[in-house]
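Number of protein chains: 2
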Amino acid sequence: MSIIRENYKSYGFTEIETPAMESIGNLCSKQGGENEKLIFKVLKRGEKLHIDTAQEENDLADSGLRYDLTLPLSRYYANHASELPSPFKALQMGNVWRAERPQKGRFRQFMQCDIDILGEPTNLAEIELILATTSTLKKLGFANFKVRINDRRMLRAMSDWAGFAEDQFESVCIILDKMDKIGADGVRSELKEAGFSDEAVEKYTAFLQGMNGAEDTLGYVKETLQGALDGEVSDNLSQIMTSVLAAGQEGFEIAFDPTLVRGMGYYTGTIFEIEMADFGSSVAGGGRYDKMVGRFTGNDTPACGFSIGFERIITILLEQDFQIPGEKQKVAFLLEKNLPAEKLADAIAKAQARRNEGQQVLMVRMNKNKKFQKQQLTEEGYTEFVDFYCEELKR
Amino acid sequence: MSIIRENYKSYGFTEIETPAMESIGNLCSKQGGENEKLIFKVLKRGEKLHIDTAQEENDLADSGLRYDLTLPLSRYYANHASELPSPFKALQMGNVWRAERPQKGRFRQFMQCDIDILGEPTNLAEIELILATTSTLKKLGFANFKVRINDRRMLRAMSDWAGFAEDQFESVCIILDKMDKIGADGVRSELKEAGFSDEAVEKYTAFLQGMNGAEDTLGYVKETLQGALDGEVSDNLSQIMTSVLAAGQEGFEIAFDPTLVRGMGYYTGTIFEIEMADFGSSVAGGGRYDKMVGRFTGNDTPACGFSIGFERIITILLEQDFQIPGEKQKVAFLLEKNLPAEKLADAIAKAQARRNEGQQVLMVRMNKNKKFQKQQLTEEGYTEFVDFYCEELKR
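Chains as they are written, first to last, in the working numbering: chain Z, 1 to 395; chain B, 1001 to 1395.
With the rest of the complex left out, here is chain Z (with noise of 0.2 Å):
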């Protein structure tokens, strides 16, 4: 934690920390999608709590927990825009809450470390942002991982060029999003059974193939979706890219990939994610959503945000038996039991001269199987031992 929070703080992150408590309407306000099915809600208290007269859940909470820290850096944004300076750099590490079953991997508390920049209307957000994540991962000791970046609207651009009714939109990325699982093929036969037209999934399905033998992928889409895809868009990809690079960060790449789609309805422009090797899902994700902090003030405001998985980058560091950087020596004082109180003041302050100097220092009492003890110490670590008798002789 504070190797990523020191990082972020050399890109001007301030960190913030929200309440875990939101009001339930905040919560239940549709923003959160399937989330809000996992709200924890929170009793009313005292007076407020009318049990003989309430029907439905929401008669008996006034507040939960929050699902994510996207919603509660949104409403405190709201509160204190002018307070704030523009853009604002927002580093949030907190713990987030969901009602899910608990099961290898998924817990029902856990942390999200997201960084976001408000007031930003320019791609200078997107750079900043997938550099501060990128050199993150990188000081963690993470090499080739691969950044996918896409935007919602070139989703948009091929939807409608391949002939989909805008309705259809949603559903269509739904199906897209399992590219990586299924194949083109697979896309294709999913489209027909979900009932859209011959024609548009089949100009699309030969979009997506025609995409793979392309060397330059965001050169093909451009040429191929001419006159659907507004150019601006495949500019500031291209932009992104080159800037991201342009820093000169080594150990990942960074590619354009149109198949890209990110669950979130909130998503109004960039999206992207990053991608490690040997670990089956992405650790890192987030884009652009112009339009949510708009729903509390009225005035939309520029957005965009990225979030590492706390505990997924935990679960690869640990199995790669990840040794964290500046960890101290480890040095245990064994005293014997009854030591006399000249000789425990003689061992406090060798101990202290020690921690002063850095190390850490564990002041035990010795157990009578000594060796067992200094057994059981090294395998947590200490690589230093002092023993302390009340008689010199022992020695």
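Some hints here could point you the wrong way.
Straight-line Cα separation of at most 27 Å, BS3-like style, residue types lysine-lysine; simulated pairs [unchecked claim]: (1) B:1178 with Z:328; (2) B:1139 with Z:37; (3) Z:370 with Z:330; (4) B:1104 with B:1009; (5) Z:146 with B:1343; (6) B:1009 with Z:9; (7) B:1371 with Z:44; (8) Z:48 with Z:37; (9) Z:328 with Z:139; (10) Z:337 with B:1009; (11) Z:9 with B:1139; (12) B:1048 with Z:37; (13) Z:9 with Z:178; (14) Z:9 with B:1371; (15) Z:9 with Z:37; (16) B:1343 with Z:222; (17) Z:330 with B:1138; (18) B:1350 with Z:139; (19) Z:374 with B:1009; (20) Z:291 with Z:337; (21) Z:192 with Z:178; (22) Z:370 with B:1009; (23) Z:291 with B:1009; (24) B:1222 with Z:343; (25) B:1178 with B:1037; (26) Z:138 with B:1104; (27) Z:9 with Z:222.
What the hints contain is simulated information worked out from the structure, not anything from laboratory work.
With the hints as your guide, set chain B onto chain Z.
Positioned in the frame of chain Z, the structure of chain B alone reads:
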């Protein structure tokens, strides 16, 4: 937080995080005293919730938000004792929730920083907890603070010796707790008002008054309470104070104070508090609670803890215009609108280079009123500005 974390780590404390929610049964098990009235309760979900037949709050709620960190730690230790080292030295920095009326300096969500040592029966625990806490406060820049130390068994001996009945002990303590505000005479009046025997009240008050003149408080108390006080209790206090002083830390004093009470009923031995001249109430407090883990496991485990009130510390630091040590140099890069790609790339590369050197670099678009923008950034702590223009000539 990182200063606190780093210093506690050098004492061998391991940071753990326990869940924000606990089962309602654990939270309402009478270990939290008054705090149990302030629990935020969480509604049952799905099939478990029966609104129509519910009679009382606990028919509707199956869990709640924790009101302190000691209960979750004890529950955690009870579940995992066999896998944990002994002694187990835990650091927790986490939020707790209490449904109080919010007011200045009192929040419904606030942070506690607790260190606890479980499984250490000797006063090595007290000594380490006090040294770890005082050195942390010193690293935060505090000086001239005072550690007050007492023992619940000392309070009991004073009460017994004076002639109060056993079941009057808690009430006597509640009145004694006001000694620093109302003085010995005030304590006498309140004890009399409460209807206790004149003889006991006079003996108790005379004891308190005699203490004021004594040079060596512990010596005075030991001598006066002879017969009623177990010599082990005073020897223990004396040894803790000597050992803490032996560590050679400067800038604070430690003193025995027989009027220190500490509200929590779960303390079984030593109790301590830290007070600062420029802050009304205590900023840290703790003590030994050897009977709490046993309520979960059936086996008593020696336990001792010390908790810093995070918001209190922060309040004082902010009033003193606290400078965070090791803060990065803050630089702002101002980018003119529509900067051509190669100039944007140049700015990004320069920002990355400075970030790698440890500077904090903010990249922002240049506003029309550049002078005002720089003024605002200066107020936010930015000390260097670099302008990037579309055309060289403008420089």
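So, going through the hints one by one against the coordinates:
1. B:1178 with Z:328: violated (44 Å)
2. B:1139 with Z:37: violated (46 Å)
3. Z:370 with Z:330: holds (18 Å)
4. B:1104 with B:1009: violated (32 Å)
5. Z:146 with B:1343: holds (26 Å)
6. B:1009 with Z:9: holds (23 Å)
7. B:1371 with Z:44: It is violated: about 50 Å lies between the C-alpha atoms, which goes past 27 Å.
8. Z:48 with Z:37: holds (24 Å)
9. Z:328 with Z:139: Measuring from Cα to Cα gives roughly 18 Å; hence the hint holds.
10. Z:337 with B:1009: OK: residue 337 of chain Z and residue 1009 of chain B at ~25 Å, within 27 Å.
11. Z:9 with B:1139: holds (22 Å)
12. B:1048 with Z:37: Cα-Cα ~15 Å, so holds.
13. Z:9 with Z:178: violated (36 Å)
14. Z:9 with B:1371: With a Cα-Cα distance of about 25 Å, the restraint between residue 9 of chain Z and residue 1371 of chain B holds, given a limit of 27 Å.
15. Z:9 with Z:37: The given pair, whose Cα atoms are some 35 Å apart, is violated under the 27 Å limit.
16. B:1343 with Z:222: Roughly 25 Å between the alpha carbons, so the hint for residue 1343 of chain B and residue 222 of chain Z holds.
17. Z:330 with B:1138: holds (23 Å)
18. B:1350 with Z:139: Holds. Residue 1350 of chain B to residue 139 of chain Z sits at ~19 Å (cutoff 27 Å).
19. Z:374 with B:1009: Holds, at about 20 Å.
20. Z:291 with Z:337: With a Cα-Cα distance of about 67 Å, the restraint between residue 291 of chain Z and residue 337 of chain Z is violated, given a limit of 27 Å.
21. Z:192 with Z:178: Distance of about 15 Å is within 27 Å: holds.
22. Z:370 with B:1009: This hinted pair holds, its Cα atoms lying about 24 Å apart.
23. Z:291 with B:1009: violated (44 Å)
24. B:1222 with Z:343: Between residue 1222 of chain B and residue 343 of chain Z the Cα gap is close to 25 Å, so the pair holds against 27 Å.
25. B:1178 with B:1037: This hinted pair holds, its Cα atoms lying about 24 Å apart.
26. Z:138 with B:1104: Since the Cα atoms of residue 138 of chain Z and residue 1104 of chain B sit roughly 43 Å apart, the hinted pair is violated (cutoff 27 Å).
27. Z:9 with Z:222: Violated, at roughly 37 Å.
Hint violations for this structure: numbers 1, 2, 4, 7, 13, 15, 20, 23, 26 and 27, all remaining hints satisfied.
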